[in-house]
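**Student:** Spelled out from the first residue to the last, the chains are:
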Amino acid sequence: MSEQLEEGPVTLAEAPVRRLNMIEAINEALDIMMERDDTVVAFGEDVGYFGGVFRATAGLQKKYGKARVFDTPINECAIIGAAVGMAAYGLRPVPEIQFADYIYPGYDQLVSEAARLRYRSAGEFTAPITVRSPFGGGIFGGQTHSQSPEALFTHVAGLKVVIPSTPHDAKGLLIAAIEDNDPVIFFEPKRIYNGPFGGYYDKPVEPWARHPASQVPEGYYSIPLGKAKVVQGGEALTVLAYGTMIHVASAVCAEKGVDAEIIDLRTLVPLDVETVQKSVEKTGKCLIVHEATRTGGYGAELSALVQEHCFYHLEKPIERVTGFDTPYPHSLEWAYFPGPVRIGEAIDRLLKD
Amino acid sequence: MGQGPDAGGDRRGNLPPLSLHVPEPPFRPGDPVDYSFLDIPPAGAAPRPDETCDPQETAPLCTGMIRVLDDDHRAVGPWDPRLDSETLRRMLRVMALTRAFDDRMYRGQRQGKTSFYMKCTGEEATSVASAFALDHDDMVFPSYRQQGILIARGYPIQEMINQIYSNRADKLKGRQLPIMYSSREHNFFTISGNLATQYPQAVGWAMASAIRGDTRIASAWIGEGSSAEGDAHAAFTFATVFNAPVVLNIVNNQWAISSFSGFAGAERATFASRATGYGIAGLRVDGNDALAVYAAARWAANRARANKGPTLIEHFTYRAEGHSTSDDPSQYRSAQEREEWPLGDPIMRLKRHLVAMGEWSVEAHRAMDAELVEQVKQATKEAEKNGVLGHGLHHPFHTMFEDVFEELPWHLQEQADQAMRERRIKWPDWKES
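Heads up: the sequence lines are chains A and B, in that order. Residue numbers for the first sequence follow my numbering, so the first one is 4 and each next one is one higher. Residue numbers for the second sequence follow my numbering, so the first one is 6 and each next one is one higher.
Read the hints as simulated data drawn from the structure, not as lab findings. Don't take every hint at face value.
[As the list claims (entries may be wrong)] Here chain B is said to cover these stretches of chain A; the calculated rule only asks that three of the stretch's residues, wherever they fall, bring their Cβ under 8 Å from a Cβ of chain B: (1) 65-77; (2) 153-165; (3) 272-285; (4) 326-337.
Note that beta-carbon positions come from the ideal geometry of N, C-alpha and C, so glycine has one too.
Working from the sequences, and respecting the hints, build out all of it.
**Tutor:** What follows is the structure, given as structure tokens:
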């Protein structure tokens, strides 16, 4: 088994390993949880018979029946609102919001309801809901199919936010999210559904099959929420990223021959601040990368935390590489995307004497 | 600043200028009130279709009004639920207790024992009679004016007062605004201050019951004002698409704080008639007639339990008091409205019905009222032993940080430590109780 598979409580240590893309891994996680727990239900726009526009729920309705996997009207408020009611009943709903850009009509139900049930009822009612939603750009989706709204959710008391970057992690994290007794926003970086994307849009797409983290064990395993992963150890600088940007940052560091320590945060709330602190104290330099807009982004929170926890170890100002504070433009998508040039420049600034 | 609106401009041809309609209520402060424009059909006139009927058959019931108690206080017509007098007396008692409770809590707020209170005066039947028509294990998703349901289900009023005072015995640990109760044991969903959010949740709960092959149904309440929220339409759509076993109540009490029902669409159509467009069964009921409310709720509950899907019930009633203790209705509506309201007072009407049946008396009612006032007084006294708002007897400090998540994450632990530190700086001798 490769190194990537050795961390985390893999309960089926000897399980056969296959190469899956991220969609297949997510589908398998849903399948396993629906099999293990008959209170798990999945629903959303085009989720049922068709199996989702990205095929994440393919085959599940046939296997588990229409009462547990079904299509819904195009109404995100009701999709989330109904999930809250189902959770109050005792189910473990896994609604899909077709694109993260469509989540806003359901925002009040997430922020004022799902996130608050446990607190306002002093534990009488809870919302063990996992909202799955493809997010991020790089697919020519224009401004309504490309957004990264994670900071709108990390800011909310009572929500957990999880973002996987590989098929292996997607499966284990989704299983953990579904098992979690708090509401979890599970953002799936759709640019890397089919292959890790290094940021070079003009090069052919590399399939997951060549990436070690496409090796996914069969059966059940979970990766605990709130634990980051050191994707690659290094001494020169620390890169904090998640989702697609893990692969872009890795590609840039490899190309530049930089001995970077790359940390995949995986869970933004609760954050694994210990792993972050340990790394920055070692390298003294910190690069934060996310695709979302800059102002008030999650990078700002990371930057503040690194400053609070590692100030006396920092040798250079923290660098933040992000999307621009504009809507995601269609024709100029790659000018918006925080790609190799923007990341490379930041690395150069950090490593300059 | 950008360009302003294009005033003047070139009018095309001789088309008349458009004008915006902004609804205006019929009466403002000082105006004489005449409700003769209201179409109030006589009691007993509305037909009662079978509970399993096609939703379209209820269309006439969405514009008419189901009424059972007539002017002589008799129960008449096909909607008479024929309840035994013992049940009617219990219903009357719960409604009277709800009113006595409201009166006491309102005064408590004025005396500074808490920050806020909301009465349901005049609307007691819409909650209490509905609750009597449901089974105890049916789930209710209330708005903030359904305290009558909690009382009908036997929740101790002392616990309600603890919640209102946010004191150290408050089961919700002082986290919620007064009256935002929650009781899982009484199948009473935690109340939200965000309006109508409970509507799609009730539909979801009902869908879950159907998914699991259960027999329990859900019932939800919103006001006519919040029926304008997107959540209401989200709920109607999901309810009809999935044929959810749910009762969706709209309590049309004519006023949403200072906005009359016209701002939710009442100038154009009844609230019940929205059901027709969604293919949902709809009933419009005299909300001050406890028997009519019971009958409508029972019809809808039986329909849902027979797997025939949702029903929308509009309760036509009147908010006799202000929206809350923070409101002064004399600033925006005529004081005469309450006196002239043509559907009377729900408690008085049920009382007179029982008296007319020979099952109750004015003396018995007076004695009951005195007993209820005493009951509320005693509960208040007991609750006050655990403190009132702002007098120090609250839940332990650390509880502020609990229940945000199932487990306390590091960042909340850090903040909890900070809160303790701040406390000790301000009061060096302070010890967490």
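**Student:** State for each hint whether it applies.
**Tutor:** A quick look at each hint next to the structure:
Check on the stretch 65-77 of chain A: 4 of its residues sit with their Cβ under 8 Å from a Cβ of chain B, so the three-residue criterion for coverage holds. Coverage of a stretch by a chain is defined here by at least three residues with a beta carbon nearer than 8 Å to that chain's beta carbons; for the stretch 153-165 of chain A and chain B the count is 3, and the condition holds. Figure legend: the stretch 272-285 of chain A, annotated as covered by chain B; annotation consistent (4 residues with Cβ-Cβ distances under 8 Å, at least 3 required). Check result for the stretch 326-337 of chain A against chain B: violated, 0 residues qualifying (beta carbon to beta carbon below 8 Å, three or more required).
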